Structure formats: C-alpha cells, structure tokens
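A.B. asks: In case you want the letters, here they are:
2 protein chains.
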Amino acid sequence: MPRKSDKYSVVGKRQPRLDGPLKATGRSQFTDDVVLPGMLHGKIVRSAIPSGKILNIDTSRAEKLPGVKAVITHKDTDGLMVGADQLLLRDDSVNYFGDEIAAVAAVDEDTAIEAAELITVEYEPMSPLLSVEEAAVEGARVIHNHLDSNQADDVTMNFGDAEKAFAESDHIRVDEYTINPSHSAFSEQHIVLADYSLPDKLTIWTPIQSSVIIQMNMAFKFNLPVSKVRIMNLNTGGAFCGRGSDKAHHYIAALLSRRTGRPVKIRCTADEEFLVFRGGGTYNFKFKTGAKKDGTLKAIGAELLLDCGAYMDAQFIVLRFIGFSLQMLYKLDASNFTGRLVYTNNKPYFFHHGTGMVAMRFALGSQLDLMAQDLGIDPVELRLKNAVDKNFTTPSKIHYASCGLKECIRKASRKSGWKRKHGKLPPYRGIGIGCGVIRSGGKGMMDHDTSAATINIEEDGKVSLFLGIPDMGQGSHTAMAIITAEILGITPDDINVIAGDTDLAPLDMGAMAQRGTFTTGNAVKNASLNTRKQIAKTAAAKLGVKQSSLVFRDKKIYSKDAPDKTITFEDTVYDTLHSQEGRYIMGSGFYNPPVEAVMSGTYEGNTSLAYSFGAQIAEVEVDPETGIVTLLKMTVAHDVGCAINPLAVEGQLDGQVFSGMGQSMYEECLMENGQVLNPSLLDYKLPRSFEMPEVEHIIVETIDPYGPFGAKEVGQGPIQSTTQAIANAVSNAIGYPIKELPITPERVLNALRQKNKK
Amino acid sequence: MPRKSDKYSVVGKRQPRLDGPLKATGRSQFTDDVVLPGMLHGKIVRSAIPSGKILNIDTSRAEKLPGVKAVITHKDTDGLMVGADQLLLRDDSVNYFGDEIAAVAAVDEDTAIEAAELITVEYEPMSPLLSVEEAAVEGARVIHNHLDSNQADDVTMNFGDAEKAFAESDHIRVDEYTINPSHSAFSEQHIVLADYSLPDKLTIWTPIQSSVIIQMNMAFKFNLPVSKVRIMNLNTGGAFCGRGSDKAHHYIAALLSRRTGRPVKIRCTADEEFLVFRGGGTYNFKFKTGAKKDGTLKAIGAELLLDCGAYMDAQFIVLRFIGFSLQMLYKLDASNFTGRLVYTNNKPYFFHHGTGMVAMRFALGSQLDLMAQDLGIDPVELRLKNAVDKNFTTPSKIHYASCGLKECIRKASRKSGWKRKHGKLPPYRGIGIGCGVIRSGGKGMMDHDTSAATINIEEDGKVSLFLGIPDMGQGSHTAMAIITAEILGITPDDINVIAGDTDLAPLDMGAMAQRGTFTTGNAVKNASLNTRKQIAKTAAAKLGVKQSSLVFRDKKIYSKDAPDKTITFEDTVYDTLHSQEGRYIMGSGFYNPPVEAVMSGTYEGNTSLAYSFGAQIAEVEVDPETGIVTLLKMTVAHDVGCAINPLAVEGQLDGQVFSGMGQSMYEECLMENGQVLNPSLLDYKLPRSFEMPEVEHIIVETIDPYGPFGAKEVGQGPIQSTTQAIANAVSNAIGYPIKELPITPERVLNALRQKNKK
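Residue numbers (the numbering used here), protein chains in the order written: chain G, 113 to 870; chain P, 113 to 870.
In short, the hints are calculated from the structure, not lab data.
Note that the structure is predicted; figures quoted are calculated from it, not measured.
Careful, some of the hints might be misleading.
Pairs involving identical chains hold if they fit within one copy or between any two copies, as the list cannot separate such chains.
[What the hints assert, rightly or not] EDC-like, lysine to aspartate or glutamate: derived pairs with alpha carbons at most 20 Å apart:
hint, residue 1, residue 2
1, Lys340, Asp131
2, Lys313, Asp605
3, Lys574, Asp312
4, Lys654, Asp559
5, Lys313, Asp572
6, Lys313, Asp131
7, Lys340, Glu682
8, Lys135, Asp312
9, Lys667, Asp683
10, Lys340, Asp605
11, Lys340, Asp683
Excised from the complex, chain G in its bound form:
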C-alpha cells in the first residue's frame, strides 16, 4: 500500500542513523572519555542506614591520605539544596540508605575510594518508614521537619460532572492495582565531570535529557548567569526519563572542583546506580469506572497513593500527568482524580520510562477488560466504541487536530488475528489489547517550550545543522537531518549535526515530553526554509524563473514549470558564495507551540498542538507449573502523524516493547529495609534479547496539521499500550485478572492459586 509520505524524497525513507558507524566502532565520545589536564576523581560518602541522626562525621583520616585534594561535608556547601526538600549533603540526619553525607576529591579513583572509606559516620538509627501506608498514617514520624506530615504533594483534578456521570452509569467497577518499584537501568551509568576552577564559569560534562534545564538550575543555585554555566552533553547512553535534570552528584562535583581549582569527575558505581538513582516508586491505584450497558463509558475516577521515597525531586509531575490523562483516551463525560505523594525512607523515586503513565494505563486498561467481561462485550469493540476521534475535545478541553486511535485499534486487531483468537485460544494461551495517547511536547509548566536551530552551509554544499536537543539513542539527530535534507533537496549524509554544547547550541528545552520530532522538528523545518530562501535567490536568477516556482530535490534545483533545466544544489551554493556579492548562507528558525501553559493553573485547556495514539495486541503463553510467561508476539500500531524515518520509528516501537515487557514481566527493585536487594544488572532482571517477541509494526500516518511533514511523536507513547496488552493477555491466558506489576512467575502462580480457591 502506498504510504502518505511517498511523495517525499527523504522523509519517510528508511535512513540508518548518522551516528551509527561512530557508535558501532566505539568512537563516539561519552563523558567518561573526557580527560582534562589536572583532573581529579570524586567519590561520595553515603548513608549506610535508611533513617537516623548523624552524631559525628570524622574526615580526619581521609584528609591525611596522600593524593586527597579535598573533603567536603555539609558545612562546605553553604546550605545548598537540591530540590525543595533535599540538602546537598546531610547535616544532622539521614533519610535513606544512600543519602549523600560527604565527598572527596583525589588524584585518582582508587585514592578517592580509599579516602571515602576512611570517613567514619556515627549514627543514631531511627526506625525507618518503608511504606506509604506506615508513613501516611496519622501520627507517623514526620521525615521532613519543615512539614506537618509526610504528605509530599496532593492533587485533585476533576473534569466534567463525575458524580452525575457515575449516577447515570449502569455498571460501575472498582479495582485496585499495584505497581512495584523499578529502575531506569541505562547502559551508561550516571557520571559527571565538572570544571569550576574559575569562579565565574562552570562547565559540566554529563549525559542529560535537557542541557537547558540543568544549566538554569545550576546557574540559579550557584548564583551565576545562565550563560556562565556550560553544559557539555556529548552522548547519552539511554535516559528513559531518568536523566531529566540536575542531581546531587552534579553539584558535588562542581563544589569539589571549585574547592580544588581542578576539574573533578564522579563516576557512579552499579551499586550507587540502583541504590540512589531513580526509577518509578510504588504506585497504589484505586480505579473506578462507570459505563452504560451498551459499553458507553461515562466516567473514570482514580485514587493514587504514590511512594515518593525520601525526597520529591520532580515527582509532582507524575501526579499531574496521570490526573490529566485519565480522560484523554476515551470519550467520557467526566473524570476525577486524587493523587497523594507520600515521603518514606525508601530511596527517592523519580520517573521510569513512561513517566507514571505505564502504571496508570496498566490499571485502566486492565479494568476495562474486566468491564468488557462484565458487560459481555469484546475488549476491542469496547475500546473502538469509546475511542476518541479527530476533532474531539476532552472534558479538560484538550483538542485533537489529528487522531489515529481507531485506525490503530482496527489495524492491530486485524493484523493480530484478534477475532480468530480471542476466546478461542488453547488453555494458557492468551491475547490482550492495550491503548495509549500522549502529547507531542507543549508548554507544560514553562511559559515557553521553544526549540531553535541554525544552519551554515559550506561551499561544497555540506550543511552544518546546530541543535540544542540531545540524542539519547532515539535517533532524533538523524530525524532532524532528514527534515533539513527534504527541504533543501539533499540527503541526510550531507548534513553534519552539531549539538551537545550549550555555548554553541541554539536554545532547546530538551528531549522530554515527546517534544523532539514535533517541536525541534518544526524549528529545524523553519530554519531549513529560511536557508532555502537564501539559496533560491541565486537559483532563480540563474534559471531565470520565479523563486516561488523552484523545486529542491535529489541534490538539484529546478522550476516546476521547466523540470528539465536543472542546476545542482552544490553548484548553487558555490555560486552564491563565489558571486560578486560573496554571500555565505546561514539560516535560522525557531518553534514554540502557540498553546497556553495549563499545567500549573486549572489544568483546563489544550496543553499541546499534537497528540499521538497507539494500540498494541499481545499474545502470550503461560506455563502453569512455573508461572513463567512467554511473550509470543506483539502487534504494535502507532499513529506517528508521519514517519520521518520509518526505520527509527520501528526501532522506537521495538525499544518500547522491550522496555514495556520489562516493566510488565521482569523489572522490580526488591526493597528490604530501605535497601535495594538486587542492585546490579546481573540481579535486576531486564528482558534478554532472546526473550524479545516477534513484533509486527503498523505505522499509522494521520498527517498532523501542525507537525513537521505531519509528524507527531514516537517517544514514549507506544510503551503505554505494551503493559496493558501483556497484562490483559496473561489475564486472558490464566482466566484470572492480573492486578500487580511486574507479572513475575510467583505472582502468576499466586493468581492461579487465587483462581483455584474461588
């Protein structure tokens, strides 16, 4: 079948990643590859208990160790806070196993480790609060003195008249769901190299999703102008929401550098990675859904109790995203949400891949299958009946200018053989569906969400494209090169993407909220159009035609009225520079979605210009003896608007199936007394490559009116559907509802026991 993007010469073609050869041959530079003259190595001393008072910190032995250049504790930090509730280094108490207490810088890493071990901390342990239930109870010990209780945040978000909608429902279900803690498990561990040797300039090398946000935060905390903080984000080995912004190690490295006048590198170990850095916390959901007899959904209500861990970081965002998204997928009269974030003495949580949406969609998607069962409606039909459409406006006034949800459901169901299989598979075989929706960027809590791009063209026609967005592995730099190549009628390998240095890059809010292709893509499109105009001037004069009639394609330029008379792109660039005028071609463009920042107000309004939709169908087999689930096949349909690079879209779909199956079936931080019991990639179980199922990709292109070439996102939309589909397939296979993630063999066997008990 012809694809909608067939009319383009570069967009929509399968383009291998431009950074592939360098990555594959080990030549890409990551932060750990950077070695500066005089560089020191830092090490952080962390709490060895989950909760307690600090009676004494003795750094004297460490200070005497030859090769140690600095030892810092709380008194050396000027009271610096990381986030609203977290001291950079603890003063008189510790709140979790791994809390930062002191740090050293030494001439090499071994000396730094030895010095850190020579620092002795005397504690008076306190009984830790290790669950939201314990911590939320009236009269529980309050972890943070500046508060009255352990409630870190609470949000109520109501759209429409839920009371009325539930009253009008024929059937209401209430179910509870639990999602256990997980971890981002990057291939590149957390690392920072800081050079703050001069007092008026701080340079930070670190893998990060938004160079601009860490830049702004560090500038604010160190009282520097933003432009005096330079972020070098060379390459990032995975992020998955886990590298949103600044964390304690960034500040500690900077302070050690300031103190020693030398650059300081801190490399986190696998232990630190799991003990300190943040995946998702424990989600306890109570879901309530009301529907008419015919399956028409009326309202969804959800209560969430979320384990915050010891510090909040940006987790308030999770509550809001979830509250917001309840009413985005199906046509409802109303939704209501109450979310509470509760401090515990667990490690501080953050996001995992999916920003809490995986948890919520698992709960809602699972409950919808139960609703379908109750009403005797096929789960696919129930979803199709209620799915949102193009031009639909949700109760919170979100508006869909393009929407491929129904097309995704229909195509996934057809390709997966749903009708043939659902209810007709042999015992312990199951099939399940999941659906999702996510926005393509937008002004979340910021008053702008700008991306910008600049372009220089060399006299040989090669293009330098300057970007502020990092590429953490998703291939966004290649996608941006494709957009420029299409507009200038050249090929992506004519383009050199320059990014990763805030001193050089034009502004970009970063790779988050699925804004890359849509927002940065629009900026790149604008910059490319601005550039094309400059070349068109020469070309039109040379061809003797109007600029408006020019076509740029296949490295040639011609008038659409006389396509036989062509000039090459390269010659035109050369002639522009080598003309009497001597004009050097430089283009620029920016994009900022013209929507309101709604997340901090009433939450009503259109938070983005574009939303993408997806549906996935999982087929599984369960071994009733061992409880082991085998994921046989995933049929994955995603409405990306326009597939700028179908190869990368498929890669993103595969990656999210992989990550989603991890969160569904494998990944769990096993917590005991505030400690992670499985803090390594050996013990923390990720799916292995041979466990990857067959994946059928269905790319749905709805050509969004606001997206560059109609493109939306394939950032973390697809993963929303994966967990639901797998959980529903397992429930379908065993004939008993799964209500807890991950679906480990033990939980499968428990479910089978529960089923047999009934």
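We have chain G already, so just place chain P on it with the hints.
C.D. replies: Here is chain P on its own, set in the frame of chain G:
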C-alpha cells in the same frame, strides 16, 4: 581633544582583551594542550646537507624499535606535493638543509626521536647554490628539474608612462639596498595534531592564520570534501605572516595518522623552527626615483632580486605586493617594477612580518631622504608635498575614500619636535621619518573575500558571537565583541566569542591582508544589526514606539523621542523568549568587499575599499666606538579610520615598533653553507624589552565611509614606517646612508669607515 568616536558608548573606549585573564593565568588551550586517547608522536627526518642526491634511505632499524607504529618515506606519500614545486617527502634528491625525507610515529616523543635518529640516509652531496647571484647566472645548475632555470617567478608591473616621467624629471637617483634573511620567531613553535583515523574525516589542530585556506588545501590534496576537513585553531601564539596556511608537517601528521589509525602530534623543535620555517629571504633592490627640482616626485622604478630558497610556497605574492605598492604612497605619474624570485639551496623563505613591504619601504624611504638631501628639501616637507590625499586615484586606479597620510606626517613631526631637532641634534644623534600605506583586506587573488558571523542570545541577555577569524594575539576577537556590544547597547564582557573550529564557525577567509577589523568587522556589524532588529520588535511593542526610533545603549533600550522611558536589554531578551511567541534570538550577517579581484589580471583597479596610512619618526643615538644604535623614541601616527579599541591599537603600534626595530637593528638569520648558524631564540637576536624605546601614540581617525564605525586596519600597516624611520635616523646620526638591514653595530662601523674614507 575630543575623539571622533566619543559619541559611542563602547567603540573607542579602552577595553582590555577578553581573553587576557585566561592567557595570563595559563588557562588558554593551545594545540600542545590537546591530548587525545591513543595519540602518537611524530618526528620528521630531515636532510643533513643543503644539496645532493639521495642514494639510500634505511628505515629498518627504526621500524624494529619497540613503540614505533609507522615509518613513512616518499613511496608512502602517493607523490603528494606541498605547493607546486615541493614533494612532501623527497624521493631522489634534497634541496636544502632540513628538507623532509622521512617521518615516524611512535607511542611517545622520546621513542619518535630515537626512531628518527635510527633512520640512515646516504647522500651524494652536490655543490649548493647559496646566493641568487650564483643561482641566477646563465648555465647554473638547475635545482628543479621541471624548469629550465632557477627563476621561480618574475613579474613586471608598469603603471603610467615611466619613460616619460623619468624624462621629465630634473633629478634622478639610483641606489641599491640589501635586506638580509630574518625569521618570524613566534612564541608558539609550529605544531600539529592530526586525526585521520577514519578515512572520510580529517581533523587538524594547529595554530594558523586562515583555517579556511588550510582546510581547502588539505581537502584538495587528500581528495576530501572541504567540509570533511575540520580545522581546530584553538589559540595561536603569534603569526606575523608566518602561519598563512598548510605546510609539510600538517600533511605528514595526517599521513601518519591515516596509516596508524591513531591521532598523531608533531611538535617542531627550536632547531627545526629556524632551519625549516620561514621568515623573509634576501632582498636585493635597485631603486630609481625621479623628481622635479621643487621636490615633486615623478616616477619610481624598482628592480628586485629575491632569494626564494629551495621552494616557492606563496612568495609570488611578495613580488606582486611590492610592485603594486610602489605607487600607493606618493602622487606619481608612473611606476615600474621588475621582480625576480630565484631558487637557491637555502631554506625556503616565506614572509616575515610586513610581507616584504618592510624591505621595500626601507629602500624607498631611505632613497627619498637622499633625494631630499640632493634637492635641499626637508625630508618631512618632501613627503608632505607628495603625499596622497583623500579621493586620490593612483596610476593603477587604486582609490582612497579616506586618507590620513598628511595628518599622520604633520602630527608625528609636530609631536616629535622635528623642526626643532632635524639637522640641529648633537653629533651621533639622529632623527628620521618613515611613511606607509596598506590595504584593509580586499579580493586579492580570490573571487570572494567573505567573512560571516552568527549570533545567539541566551535568555540572560548574554551573547554568543560565532566567528571564523582567528585571534593570533592581535585582539581581534575583543574588537569584534566591541562592535556587537556597541550595536546592541551592551558591554564586551556580555559577549562570548566562539571561534577556532571550522565545523562551528561561519566562513571567514582568515586573519591576513589586514582584513580582520574591516571585513570581519563589517560582517559582525551586519550580524549585530540583524540581531538588534529582532530585539527591537519586542522593545518597540513594549514601549509603544516605532522600531526606527529605538536607541540601544548602556544595557537599556529607549526611544530617542522619550529617553526617560527605558527597558533593559536583558529584560527585553527575556521577554522575547518568554512571550507567547517564545522567540529565540539568532542573528547572522556577512560581508564581502564589492571590489574586483585585480591581483591576477592587469593589476589595475581598486583592490580594496579601504587603505590605512601611517608616519613614524625615530630618534636614535649611535655609539661611534661600538656601532651600537640606541633607539630613543618613536613617534607613531597611524590612520586607523576609527580606533574600535584604542588600547588594542596602541598595543598593535607598540608591537609593530618592536618588530620593526627588530627587523631594522637586530634580527638576521646568519646563513652559512645553507644552514642557519643562530637557530634559537638565544642566538637569533630579538630586541629585549628594556631596549624598547619610548613610544608616543598618535591615533588618526579619518572615519572611512566603508569601515565598521569608520575603522580600517592596524594589522601590519605601522611596521612599514618603522624601519625607514630608524634607518633614516641612523643615517642622519652618522651622516652616511644606511643601505642594508639589519643595522648591526658591524654595519654601522663599516658605514662610518666608508664615510671617513671619502
């Protein structure tokens, strides 16, 4: 006296260099500071005789040395040529002491040196040709087989009817002048780091005056697209015409890197620096000047025999510049010039500071004093009588849109007390004048001479200014920051200049031909105006005034009609970004002088839009016993158009007085049998700081109509006047004409002996 630039808030103010603190504290990165993973060290094996056949090269012992990764000789170079007449590595003969024969790369520098020493070369020596006289003679051995003689180049350049003009002269003088070889003597020795480990990308770190020219040449020679050659020019420790472009060590490092798959650094030693790298050669001038009785100059003729050394490099430029410049300083009817460049077995020469103009101006300026003496006219009066003026057009059709020559002569003569002193000083005290003219960039041999600049503005109002021009110490980056600051109404320290990397920088032909302030300055001005327009949009809306009425000054923006109502620059930038529109400010601009490239044709026409002029008066004392000359005072007047940064202008004047006194009185490569006898900064005599005279600076501002804020150059114009002034002052002091540079004590004593002989 108020200066013409007083109306500006930044331009014309004394601005310390922005890179000063980093340079002064040793934090600036130079090529030798760059250490890459796996980097090797290279060493070049050079000829140990000035001329001969190579019978055998034995590299076997070097190849066996542990740590040696590559050994290359001619057969590994694919016949690569450096310039038209020079093989990268010699095949069957050597042409000078130092000629490149082989090269090694090893794991460290000591091993590389040892390996180079293990390579044995068997020669059959030939009798070297060590002077132009020997080499130019009919029947002399021809050094380069592809030619019929040792004549490397010859140029005849006639403007006006010289025969007629000489016939109409009342008095004609013919004198001969000799200028001996000198050396550029940088503080940073020649160095290169090449990474050619992947076949499709070559990165070169090296100090250079034009990143673009070395990039183009290396791309051409290695058959790579220009954009696949990246030049990193971090900082440059002096250049003085000696780092114009690519030299053999650049290619050798690249080939060694290609061969080993690892980066290779080659650091030249002090010996190599003097034996191989290039200052000026030996100039033999025959000057003929005709004048009327009243001192009106009619014509100047000059014959030049110039020692080329073993290879030509870009010395053909010297001949042309000299031929061209004969008729630029005084109003003449005609000029004629014949120049011959002759190969010898001396080291290949190049330029020294002043590009041959110092030599020519010394000869002409010295002869003018003799003419003045013959006609009984005061030397200052003779120059004033003949000096060119604003709107004058020379016989070669050069046109002066601004001209401060007479103002320079008058002011220098007044400030120096010329009238009081000339002819009235005690014995062995002398006073002398020198004058000069030079162009501010222009299309020399290129069909464009473009500079470009781009600008990003951070939300805190700090500006990133992207430039392609290097700053070799002359302060051009600070000058460019001043231009941007003036236009945007901010201060230079609000500006971060980003340069030194061809992947990032907009095009710039480089720091040569005094084009920086004029050409790059105009590009920066255009980029800044383009940027200001973007900010003006916000400011005008906020103030409710017309954009055209806005004034940007002192970090504020206001309407000239209502100067009390101001908004800050920073707030306006912030508001622009944080508006609903979310606009990020990016500016760009370029400049290419709209003149014809005349150097390769008939040489007629206006080669540049702007020319600067200068006059200097030297006062000296000669010790008749020792011949030692003491330079007591230099009065230095220079027409810079507009002093963008008077502090830097004074620095440039001081620097050129220093360099000019070096060339006049101290610096000489003592050649014997093709070897430099004084190859180190210990033996090659540069002036010492305590020998620096008192310098009186007179900045003349003629506000050129085409220059940015009226600015022209202060690049290497001033040095033209220095040598003449000193030589004339010494002649004046001893009463006998100096006709050879440098004016060593021995030559002074010789002159005194000659005088007494008469």
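A.B. asks: Next step is simple, just say for each hint if it's right about the structure.
C.D. replies: Right, here's what the structure says about each hint:
For the homomeric pair lysine 340 and aspartate 131, the shortest alpha-carbon distance between copies (15 Å) is at most 20 Å, but the shortest distance inside one copy (29 Å) is not. Proximity of lysine 313 and aspartate 605 under a CA criterion of 20 Å is satisfied inter-copy only: 13 Å between copies versus 35 Å inside one chain copy. When the C-alpha separation of lysine 574 and aspartate 312 is checked against a cutoff of 20 Å, the pair qualifies only between copies, where the shortest distance is 14 Å, while the shortest distance within a copy is 37 Å. Taking the closest pair of Cα atoms, lysine 654 and aspartate 559 come within 20 Å of each other only across two copies (18 Å); inside a single copy the shortest separation is 45 Å, beyond that limit.
Taking CA atoms no more than 20 Å apart as the test, lysine 313 paired with aspartate 572 passes between copies only; the shortest distance there is 15 Å, against 37 Å inside one copy. With identical chains, the CA atoms of lysine 313 and aspartate 131 are at most 20 Å apart between copies only, with a shortest distance of 14 Å across copies and 30 Å within one. For a Cα distance limit of 20 Å, the shortest separation of lysine 340 from glutamate 682 across copies, 15 Å, qualifies, whereas the shortest one inside one copy, 38 Å, does not. In this assembly of identical chains, the alpha carbons of lysine 135 and aspartate 312 lie at most 20 Å apart only when taken from different copies (16 Å versus 35 Å within one copy).
When the C-alpha separation of lysine 667 and aspartate 683 is checked against a cutoff of 20 Å, the pair qualifies only within one copy, where the shortest distance is 10 Å, while the shortest distance between copies is 43 Å. In the homo-oligomer, the alpha carbons of lysine 340 and aspartate 605 lie at most 20 Å apart only across protomers (11 Å), although the nearest pairing inside one protomer, at 34 Å, exceeds that limit. Taking the shortest alpha-carbon separations for lysine 340 and aspartate 683, only the inter-copy value of 18 Å comes in at or below 20 Å, while the best intra-copy value is 41 Å.
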